[in-house]
Each structure stands twice: as C-alpha cells, then as structure tokens.
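Could you build the full structure based on these sequences and the hints that come with them?
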Amino acid sequence: MLRLKNNPVSSSATTWIPFFLPTPLPILLASSNFTLHTATSFRAHFDFLMAATMDMNFSTQSPLLTSQRPLLLAASVGVRSHHGNPYQDVLSFWTSASQDRIRVQINLMTEHYQLSRCWPHTSGHAGHYADWSPCSDSPELLSNATFCLLVTGLNTHLPNTHGLLSQLTTCLVSGAIPVFLTNEPLLSPSTALPFWEVLAWHWHRAVLFLPAARMPHLPEILDAMDEATLIEMRAQCQLIWNKYLSTKQSQLGTIFLALSRRLGLRQPPAPLLPSEPALLRPPANASSLQATTTLTFYPSYFYEPRPSVLAQMDVDDLLGPTGPQRDSPSSASLQYAVGGDLPSLVADPFFSHASTPWAPFLPSEMQFSQGQKFDFRPINHTVGNAGAEFSADLGGMFPYEQFTVVMLCYNRTSIALLSLEALANLPYLHSVVVVWNGPEPPPVYLRWPKLHVPILVVKGEKNSLNNRFAPYDIIKTDALLMLDDDVLLRHDEIILAFRVWRENRDRIVGFPARGHFWSYSTQEWYYNSDYACEYSMVLTGAAFIHRYYLHAYTYEMPSRIREIVDEEMNCEDIAMNFLVSHITRKPPIKVTTHWSFLCHRCSSTLYSRPTHKESRSTCINSFVKIYGYNPLIYTQFRADSVLFKTRLPATKQKCFRYV
Numbered sequence: 000m001l002r003l004k005n006n007p008v009s010s011s012a013t014t015w016i017p018f019f020l021p022t023p024l025p026i027l028l029a030s031s032n033f034t035l036h037t038a039t040s041f042r043a044h045f046d047f048l049m050a051a052t053m054d055m056n057f058s059t060q061s062p063l064l065t066s067q068r069p070l071l072l073a074a075s076v077g078v079r080s081h082h083g084n085p086y087q088d089v090l091s092f093w094t095s096a097s098q099d100r101i102r103v104q105i106n107l108m109t110e111h112y113q114l115s116r117c118w119p120h121t122s123g124h125a126g127h128y129a130d131w132s133p134c135s136d137s138p139e140l141l142s143n144a145t146f147c148l149l150v151t152g153l154n155t156h157l158p159n160t161h162g163l164l165s166q167l168t169t170c171l172v173s174g175a176i177p178v179f180l181t182n183e184p185l186l187s188p189s190t191a192l193p194f195w196e197v198l199a200w201h202w203h204r205a206v207l208f209l210p211a212a213r214m215p216h217l218p219e220i221l222d223a224m225d226e227a228t229l230i231e232m233r234a235q236c237q238l239i240w241n242k243y244l245s246t247k248q249s250q251l252g253t254i255f256l257a258l259s260r261r262l263g264l265r266q267p268p269a270p271l272l273p274s275e276p277a278l279l280r281p282p283a284n285a286s287s288l289q290a291t292t293t294l295t296f297y298p299s300y301f302y303e304p305r306p307s308v309l310a311q312m313d314v315d316d317l318l319g320p321t322g323p324q325r326d327s328p329s330s331a332s333l334q335y336a337v338g339g340d341l342p343s344l345v346a347d348p349f350f351s352h353a354s355t356p357w358a359p360f361l362p363s364e365m366q367f368s369q370g371q372k373f374d375f376r377p378i379n380h381t382v383g384n385a386g387a388e389f390s391a392d393l394g395g396m397f398p399y400e401q402f403t404v405v406m407l408c409y410n411r412t413s414i415a416l417l418s419l420e421a422l423a424n425l426p427y428l429h430s431v432v433v434v435w436n437g438p439e440p441p442p443v444y445l446r447w448p449k450l451h452v453p454i455l456v457v458k459g460e461k462n463s464l465n466n467r468f469a470p471y472d473i474i475k476t477d478a479l480l481m482l483d484d485d486v487l488l489r490h491d492e493i494i495l496a497f498r499v500w501r502e503n504r505d506r507i508v509g510f511p512a513r514g515h516f517w518s519y520s521t522q523e524w525y526y527n528s529d530y531a532c533e534y535s536m537v538l539t540g541a542a543f544i545h546r547y548y549l550h551a552y553t554y555e556m557p558s559r560i561r562e563i564v565d566e567e568m569n570c571e572d573i574a575m576n577f578l579v580s581h582i583t584r585k586p587p588i589k590v591t592t593h594w595s596f597l598c599h600r601c602s603s604t605l606y607s608r609p610t611h612k613e614s615r616s617t618c619i620n621s622f623v624k625i626y627g628y629n630p631l632i633y634t635q636f637r638a639d640s641v642l643f644k645t646r647l648p649a650t651k652q653k654c655f656r657y658v
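Residue numbers (numbering that gives the first Met the number 0): 0 to 658.
Nothing false has been slipped in among the hints.
Straight-line C-alpha distance at most 30 Å; calculated DSS-like pairs for lysine-lysine: (1) Lys585 to Lys624; (2) Lys585 to Lys644; (3) Lys624 to Lys461; (4) Lys624 to Lys247; (5) Lys475 to Lys461; (6) Lys449 to Lys475; (7) Lys475 to Lys242; (8) Lys475 to Lys585; (9) Lys612 to Lys585; (10) Lys242 to Lys624; (11) Lys461 to Lys612; (12) Lys458 to Lys475; (13) Lys242 to Lys585.
Honestly, the hints are just simulated from the structure, not real lab data. Predicted, not measured: the structure shown is a model, and the values here were computed from it.
Right, dumping it as structure tokens:
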C-alpha cells in the first residue's frame, strides 16, 4: 500500500490560504493483495485500488464470438477462512446433477488438500482473512465459458479483496464476461471494481451487474442475452484489460489520468515524431562538385509544371482557392475531458490531442452570426446557379480548412516527380510531405516541380511501410491525403473526396476499394481485389484520413501488427483499415468510379509480385487473431456529388462536371 501526500501548506502569516481549499489528505494506492488489517483505512471513491496482474503473455486475443464456448457460466475458486458464502446452497444446487449442469460449472474448493491449488503462497493472517480466490484451473475453465461468476462471501465493510480482484483479472484475461452480484451497500460496483471513476462507462458495458437476489435465476438471465450484446461486452473487457490494467505501467497511467481529472488538468500533449530532413543541401559554391553534408527539408532546384500535365489533371473551371497556407487550429488547450464525452471515450485518453475526428460541430446558424471567429465559408445559395456558388466556398458544417498530401517514396524519383507535378494549383492544398524510404538521399541537383505550396522531404527511420503513418511534427493539418508515388488523380476527384471526408472525419475516404471475403474451403479470410458490389476497405494509396489516426497507428495499435507489416513488406493499408473500423465501428467510404491505379510507367510494383494477394490474405487472418475478431465492416454504396448524372436546365451548373 503506497501513500501519496502533499506537503502541508505553510501557516506563516505571509502565506495566503484560499478558504475553499481543504487541507490536503493522503491518497492511498492499495495493491490487490491487501488484507483486513491494512484495508480499514481504505476510503471508497477517494483512494485508488490497484487491479491484480497475471504473468501471462498473449500474442493474440481470445475470439469475441461466444457461441464457440461450450460453458455458459463457470468459476473455480477456493477459500482459506471461516467465512462462509451466503449463496452456498444455490451454488451447490448448480453443481448438482441438474439440467443446467452441462453448461454451468462452479468448483468451490474448501478442503485443505484442495487449497494448495488456490492459495499456494499464503499463510497466517493473509490466508485467514482472504476471500475466495481463483484456483490453478481457472484460466482453462474460464476460456471455455461465456460468463464467469465473481464469488465473494465476506459480509464486511471491505470495498474489495485480493480474491475478488484476482477473480476479475482471471475473467478478463480468459475472455469470459464477469458477472457481479451486488449487495448494496456492502458490496457495490463503484467500490469493488478498480479505477471506477475513470472506467465507469466501460465497466457498465463490460460487466453484468445483478442484485444478489437474482442469483437463482442467473442461468436463464444469461441464456436470454443476444450475441451482439455479448460481443460488445467482451470487446469492452479486452479494452479495459489491454489499455488500463494489464501492466503496472498501464495502471499507473490510469491513476495519473484519474488524478488529472480530479484536479481539472489536461493530459500531456500527444507525442509527435521529430522529422528528420532527407535532402542534401547543395554547396554554396556553384562550381563545387561535392555536396555538403548539411540536410534540409526543402528542394533547391525546380522546374515549371508542364501545361500538358495540368490540362489532364485540372478539367474543371473552378474548384476552390489555392491559398494562403492555413494550419488546422489546435483545440488541445480546451480539452479537459471528464470521461463522458465521445472524444474521451474513443480517443486515446492518456494524451491531449490537437484535434480528434469526433469533435462536435456547431449549429448551422453559427455560420451566419455576426462576428463569428471560426471562418465559416457557407455557400451563397441566393445566386441560384447551383454549381457556381458551390465551387466558390467549402460550405458544410466545419470551418474553412486545407489538407496535406503525404507521399511515400523509395528511389523512384521520375515517377514520384510526375505525381507531384500533377498537384500544381490544386485547391485547398496546404503542403506536400514526401516520406523518403530510400537508403540514400535523393540526388542533390534533382529538379522538383514548382508547386504553389512547399514540398518537405522527410527521411524515414528505416525502409518501412509503417513510415507512411508516422505522426511527423511537420504535419500541420487535420486532413491528410495519403498518396502512393505512382498515383495520378484529377483535381476534381481529389476535391470531391476532400468534401466527403469533411462530413465523415472519423472514416477513411478514398478511391480504390477492396473486400475481405470468407473461403468455405479453407475456413479462412481472403483478400479480394476483383469487382464486387460491397467492400470493406479503401486503399490508403489514395485516401483521406484524419491525422489523429497517425497517433493511433503508431502508439495505440498492437505493435505486433507493425512488425507483420515490416516482415511482409505489405499490408500497412489493411492495418489502417482494421484500426479505423475497430475504433469507429464504421466502414470506409469510396468515391468515384476508380477501382485501381495501374502504373504503366513502373518497372516493378509491390502489387505485381506473384505472392501479393496471398500475402495480404495472410495479413488479414493474422490481424484477426491479434484483435480477437474481424473489425472490417461491409458497405454497399459509394459517394458521388449531389447533382452527378442529374439533368439540369441550361441556367444551372453541376457541382462537378465529371464526378
């Protein structure tokens, strides 16, 4: 038990003590193995109770589908004390030869020869006062059960015990949904479950709370629960364990999160990856043939984009303004999350983020109020020409903003330069970040296309496809257009996708769509790139995402997934689709008719390898094992502009000419 206490405030006459500040009280951090002797001073809703940890390493999660588990309810616990269980008769009835015996298995160990499997290291007072504790066969038994019963028999004022906490940990690790029988006011969830003030929302969705009086009817209650509810509860159990309780480090982070909320302090800023320049600066003396070793982000030599290229890319008269540069505003200073709002429930709660995809939007009348400071640019519908006024302003429910192009490159400078050249005069473009994955820097005297926005070339730490989603500190906008170095898109297609993304900021919005389908012959998932009427992924070689997902990909997503991406040199786009669908429970959105981008100028591509599809199918099945389920979601529509293929009178203009 660790005692945290502030130093008392000096009582000297020169020190002013505000009348509304009480005298600082010590806060107790109680470990899970405290006993009756040390728990008498524990104060519920004020002190912190640490969860029990287990020395178990799992590279994959327990599957979320509960129909595969033969047992409905299980528990295997033992007790070394004179304390009885008030529900002993009911438990004995369940364990007898009844009709529920085949699906309910409750093992109660009370004999001395049995307890060595439940309390192998306890003696004296610890064993005497200990509550029911899980036995050695609990993990295996609970891994075959949909629910696990938390058994307790102490009718004291203790808010929790080592036994109950150990049972809870075993349930979470085994993938069984805990069943908590409340006995107010002696035993309530808010005093018995760890970190209730931070995790209350999650505990309510992960644990089944029932009054103790309903115990005789428990099998019938559990049987009546539908599969969708069970999957959601098990998903919440996984989240609680993995993010908040699995290690001492994560529990310490949860404690600091709770303290910061009590004190009204925001979390530290989310970490950003320091950008390292990739370009060699040319020598100061133009006649020198040897380049300097000084690095820079910015190219030194340029050429004017060719009119023939611009003519193919810009086929609409007016798509929007081309400047000046404007960074996305940061709202981190206003994020004092209290745990009940959507951003704090979905976003990583241990950090303050410059913005998240779930920020609420203001009502539409705010756009027309006098003195509004958010720089809304509503569409002037009084013109009556439809497309003309639409092209002049962004409209929608969010203020004016721009996007950054992030392009991953590896030694294919001629192909990448053509793709960059096609971005000239692209409206709403803020900047272009080229992530250089090559082992050597680009040639010093390489001429880059002269764009209306700066090009910044960043050096990747190593040749890794994960660099595409690194949260570099030079990225200044929420909207990111991820582009492969061999992708060419018309400007109207990009602007349409940008506008669609602005209304769906938490989703991947892009062009080529793919699907995950089930093979009945191999009983596995396989990757499908053929034409289909539904899809579940949008390739990030040409897609808009929110920059928050760079943080989630790097710091929240299981690290084993990034390792698989490096091993396969593939699948980073599948990993991002898994991550976004896992966080949002929403599918991506496809725009326009693009199904693939074939690079006829490329001598070699990753997708041209013979094992490309097999490798991506392997990735899908590996990711499913890591997540414990398949988070990808099917969708059966794509997004086009409102007046696409609509016949208009001659006085009207479409939103876009061709999309």
